[in-house]
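Chains as they are written, first to last, in the numbering used here: chain W, 1 to 337; chain G, 1001 to 1239.
It is possible that part of the hints are untrue.
[To be verified] Which residues of chain G face chain W? A partial, calculated answer using Cβ under 8 Å:
no.	residue
1	A1069
2	L1086
3	Q1097
4	Y1104
5	G1107
[Unchecked claim] Reference listing, derived: stretches of chain W covered by chain G, where coverage requires no fewer than 3 residues with Cβ under 8 Å from a Cβ of chain G:
no.	region
6	217 to 223
7	229 to 243
For the record, the hints were derived by calculation from the structure and aren't laboratory data. Just so you know, even glycine gets a beta-carbon here, dropped at the ideal spot from N, CA and C.
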Amino acid sequence: MDNAILLALLQDGLTTGAIYLLLAVGLLIAFSVTRAIFIPQGDLVSFAALTLASMIGRHIPGTIWLLDSLCAAALALSLARGRLNAVIPYGLAPAVLTIATLAATRYGAPTAVSAVLSLGIVTALGPLLYRFAYEPLGEASVLALLIVSMALHFVLIGIALYCFGAEGVSTPALTDASFDIGSVTVSGQSLFVGLVCLAMVGALRWFSVRTLYGKALRAAASDRLGARLIGVDHVLSGRTAFALASFAAAVSGLLIAPITPLSYDTGFEIGLKGFVAAVIGGLASYPLAAAGALIVGTIESFSGFWASEYRNIIVFSLLIPVLIWLSLTRGNPEDRA
Amino acid sequence: MTLLSVENLSAGYGKAEVLHGVSLSVAERQIVAIVGPNGAGKTTLMHATMGLLPRTGLVSFMDRSAGDAGWMVRHGVVLVPETRALFTDMSVEENLQLGAFARYRQGARDLPESMAEVFEIFPRLAERRRQSAGTLSGGERQMLALGRALMGKPKLLLLDEPSLGLAPKIVADIFRVIGTMRDRGISILLVEQNARAALQMADYGYVLEMGRVALHGSCAILAEDDRVIETYLGRKRHA
Ligand SMILES: Nc1ncnc2c1ncn2[C@@H]1O[C@H](COP(=O)(O)OP(=O)(O)OP(=O)(O)O)[C@@H](O)[C@H]1O
Ligand SMILES: [Mg+2]
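The following block holds chain W by itself, in its conformation from the complex:
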């Protein structure tokens, strides 16, 4: 095997690895704040890609109706409890987003505009799913929350199949440019993925280290009682964490769609690879999860070259040594919670 192939595989691996990294970070944030493993995050990856593809194809994406129904339900519940200011997030905001989406679809808005709208729709779904699926459980065990996640995943793939059909879609490449650095050719697409990931990780880090709201979110992850005692609303921090996770999913979906075709159920598989990376980080360490994501991406790319059929088996088998290692060094994660 020559160097050119090696470098090309490495580049592919790091590109998908960067996407897994985003997903792993989202999972870690959601887990650390709420103790829920957000399996359906993967389905939101598909949602984002399919929403954008559908808008580009001048079809109204079904996800906007899903968003509207969830918002209507949330609005009704809030109003029943006398919370009138819920009209803005659950009434006005989705109304504006719906009108913009319908207009963009009808008149064929530029892809960038549709991409932003898709991001908005899918990101908004995260906190709503948390609101309806997880919040009512209160302080449930990690296992109970995981079961909810699995159920929610099946519901979401059902909805995706109903809204978008079974066909795979890909979206147009953002750029055809490529750059020669020495003997290596770096595609513009890979570079773009890398830059977006860097920007997001940087922004998140800035938010959590520099702003008091970011620190409050870390506080909610660090000590639940302590967080309540300083006035951090646990409902709000849970929804914020899920919003960040679904935003990561939506960005990932839009980044992958030009590289690999996505259908209603492939996002789940991608999400699982982000999960493998998060597990490599012990569901606690961001740097380890990030390294894990790049390793998963690279291993996947190389095994795809040598043993294409075994690609997923090889990637998911990674979990076994990692779990053995974690169980030897850390004990039961529920004890630490």
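Given the coordinates of chain W, assemble chain G with the ligands onto it according to the supplied hints.
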């Protein structure tokens, strides 16, 4: 003027009721002590008052019916819990900043000044400002817990066993700080295992036994009460 009033409060965990109709009140600039044996429900009383547990009965603060923990913090009631509940993976400085989170949300931007005041009271925290809270000693943790509470500029401070597990010298320091807080106009509801110190410092006291108020009165009178002396002050009174 009555700052906090608790009337006929009952609370517990699931079906197990721990508090059975407790009433008490804290006036402005007052230190009120709650003493009682282990398992009497002192911590439960603090948590239920703070709105951390489901409860029945009436809790009001400054003549307004009290809400959940978020409401209490926004209105100037801060609890330092028995477990301290520090953010152990964050720095001392970050813990302190977060103590002012509710005020920050309400528009306060005086965090550096407030922190300087806390460092004046606890110079040890200033030395360790960049250290993570999880690596502090027991005494330093309690200082941080108190400091974090002070960052919220409370009108009423609920302290659950501030001397728990501390060396006598540190306990004296902590009690001195509690006295200073009262002088600055903060009212304090104090749960203490160390009944002697608590009754010495406080103006008024309640004895909680098996989830009920067994006895209450001004501390001067309680400290003379035979039952209190026998059970909590641990010495027989000689005739
Ligand atoms: N989370 C809980 N779930 C169920 N029961 C609890 C819980 N916390 C406390 N209890 C019970 O409530 C009763 C009162 O406990 P509480 O912690 O309020 O006592 P305390 O007076 O603070 O005791 P100590 O002096 O040891 O701190 C005890 O019988 C205890 O077993
Ligand atoms: Mg206690």
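Hint check:
1. A hinted interface residue such as A1069 of chain G counts as satisfied when its beta carbon comes closer than 8 Å to some beta carbon of chain W; here the least separation is about 5 Å, so the hint holds.
2. Contact between L1086 of chain G and chain W, as hinted, is supported at the beta carbon level, the nearest pair being about 6 Å apart and thus within 8 Å.
3. The beta carbon of Q1097 of chain G comes within 6 Å of a beta carbon in chain W, closer than 8 Å, and the hint placing it at the interface holds.
4. With 8 Å as the threshold, the beta carbon of Y1104 of chain G comes within range of chain W, its nearest partner Cβ sitting at about 5 Å, so the hint holds.
5. The criterion of a C-beta within 8 Å of any C-beta in chain W is not met by G1107 of chain G, whose closest approach is roughly 12 Å, and the hint is violated.
6. Note: the region 217 to 223 of chain W has 4 residues with beta-carbon separation from chain G under 8 Å; the three-residue rule is met and the coverage holds.
7. Only when three residues or more bring their CB closer than 8 Å to a CB of chain G does the claim for the region 229 to 243 of chain W stand; here the count is 5, and the claim holds.
Hint check: a violation occurs at hint 5 only; the rest are consistent with the structure.
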